[in-house]
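Undergrad: The primary structure of each chain is shown beneath.
There are 2 protein chains.
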Amino acid sequence: MTHSRIWTAALVIIGDEILSGRTQDRNIAQVASWLNVQGIRLAEVRVVADDMDAIAEAVNVLRARSDYLLTTGGIGPTHDDITVDAIAAALGVEVVVHPQARATLEHYYESKGGINENRLRMARVPDGGELIPNRMSGAPGIRVENIFIMAGVPHITAGMLDALTGTLEGGAPLLSDQIGCWVAESEVAGLLRATEKAHEDCQIGSYPFFREGKVGANFVVRSIERDLLDACMAALKAGLEEMGCEVVDGGI
Amino acid sequence: MTHSRIWTAALVIIGDEILSGRTQDRNIAQVASWLNVQGIRLAEVRVVADDMDAIAEAVNVLRARSDYLLTTGGIGPTHDDITVDAIAAALGVEVVVHPQARATLEHYYESKGGINENRLRMARVPDGGELIPNRMSGAPGIRVENIFIMAGVPHITAGMLDALTGTLEGGAPLLSDQIGCWVAESEVAGLLRATEKAHEDCQIGSYPFFREGKVGANFVVRSIERDLLDACMAALKAGLEEMGCEVVDGGI
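Protein sequence lines, in the order shown, are assigned to chains B and V.
So for the first sequence, the working numbering puts the first residue at -9; every next one is plus one.
So for the second sequence, the working numbering puts the first residue at -9; every next one is plus one.
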């Protein structure tokens, strides 16, 4: 069996609105799912305030630690949108106006009152930055070194991820299959542990729930190797059935 | 005007299920809102994998940086529940069985097949830990030093937060008021910036949206001082109306 290289990414979510509880985050799950399809594993997420030092610290630690660093939030036209400045500071480069971004914004705002100083803020990039297309509104995302700077509004983030699809090198996608049982996870914890231990390069996750007055759990087996995953799942199913559990394929 | 001390907290969310995109996080917003009511500001969130080193690193950095550190996830009975071990390692203390937690679990499982080795895992605490009651299921949360170890399933987390209500010292709660306008935030960005600058100890957040074919934005003013907040909000409303915007109190 060949072990393929594991590609990793980190995500920095920038925004007081998440930390204040005002806005329910939707980007962690969205970015994580997208990365899985690219064969890239989300290794860590940090949510930081609209604060230059907090952003720069998170960016500098995480861009060194993972293959890719994605950020969401703080790239709009208002005073609290400081992501570009903070990342430029983290990289030790100037902030410059990107000519293509400027042209795109001028065109976008032609019928909307014209360009102005605040709208032009969205054409600013850390020196060396390339644009990530944004089909939803005029303001592009930015790629600079291994950093991908994206909007925070989830459907605009989604459009930028879409534009990036297939452009980031990844490895074998992490595969996963799920089964479910009406059983307390504490009754089968020994089986889960032993099964995972016996199956190298597979991880088993246990996700308990309480529904219709009964406890149950879904079990997810993850691996980048289909054969290993199938063998681990078969062993887990056999073990659960031996204990008298009725196994529901795909989960409950 | 007296500046009161600002109390801060950090949150570590532990779980491969969040990083894999399988589970949509609900705890950031829930914990943030609860902290606000306690007069404690959520300063940073990290989401880390079910990995001893990743958990210990996040815990050690963040417990030193904030008044309180809260964690969610990884305290169940299965092999991937390693939060207690990781935090004990971070603190350099042993893991011990808490007698009261053991008694609670024995009682809880009396009618459910009895206690077993895996269920007893949920009575383990870092040495010196006290219990946080869990009225939903048998397994308690744990308080040790300035760390609060809670369950990851959102309604169980909620029960533990409820049990902690009023027990953590905080400062003046961060107050916030919101207004909304059918205006592109890029048209009023200059006003927002100038208004925030003119009102010390107030922050203005701008949250654009696109609905019914029109762009609009909600503006949130935050401060711990009611008088300052009111003055800032009045200035912002006056400025928006001067620009011809119709202001909707409470937001759109």
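What the hints contain is simulated information worked out from the structure, not anything from laboratory work.
Small disclaimer: the values here were computed from a predicted structure and weren't measured.
Where is the CB? At the ideal position from N, CA and C, for every residue including glycine.
Treat the hints with care, since some could be wrong.
Said to hold, decoys possible - Simulated crosslink set (DSSO-like; lysine-lysine; CA at most 27 Å straight-line): (1) V:K204 <-> B:K102; (2) B:K204 <-> B:K227; (3) B:K227 <-> V:K204; (4) V:K227 <-> B:K102; (5) V:K102 <-> B:K204.
What the hints assert, rightly or not - Label-pair restraints from in silico Cβ distances: (6) V:V85 <-> B:G234: 43 to 51 Å; (7) B:D191 <-> V:P123: 13 to 21 Å; (8) V:A188 <-> B:N106: 36 to 44 Å; (9) B:E159 <-> V:E107: 29 to 37 Å; (10) B:Q14 <-> V:S101: 48 to 56 Å; (11) V:P123 <-> B:Q14: 23 to 31 Å; (12) B:A54 <-> V:E231: 45 to 53 Å; (13) B:N106 <-> V:D191: 55 to 63 Å; (14) B:E100 <-> V:S(-6): 32 to 40 Å.
Undergrad: Now tell me, hint by hint, if it's right for this structure.
TA: Hint check:
1. V:K204 <-> B:K102: With a Cα-Cα distance of about 11 Å, the restraint between K204 (chain V) and K102 (chain B) holds, given a limit of 27 Å.
2. B:K204 <-> B:K227: Holds. K204 (chain B) to K227 (chain B) sits at ~21 Å (cutoff 27 Å).
3. B:K227 <-> V:K204: violated, 53 Å
4. V:K227 <-> B:K102: Holds, at about 23 Å.
5. V:K102 <-> B:K204: holds, 12 Å
6. V:V85 <-> B:G234: 43 to 51 Å: violated, 32 Å
7. B:D191 <-> V:P123: 13 to 21 Å: violated, 40 Å
8. V:A188 <-> B:N106: 36 to 44 Å: violated, 21 Å
9. B:E159 <-> V:E107: 29 to 37 Å: violated, 45 Å
10. B:Q14 <-> V:S101: 48 to 56 Å: violated, 37 Å
11. V:P123 <-> B:Q14: 23 to 31 Å: holds, 27 Å
12. B:A54 <-> V:E231: 45 to 53 Å: holds, 49 Å
13. B:N106 <-> V:D191: 55 to 63 Å: violated, 29 Å
14. B:E100 <-> V:S(-6): 32 to 40 Å: violated, 49 Å
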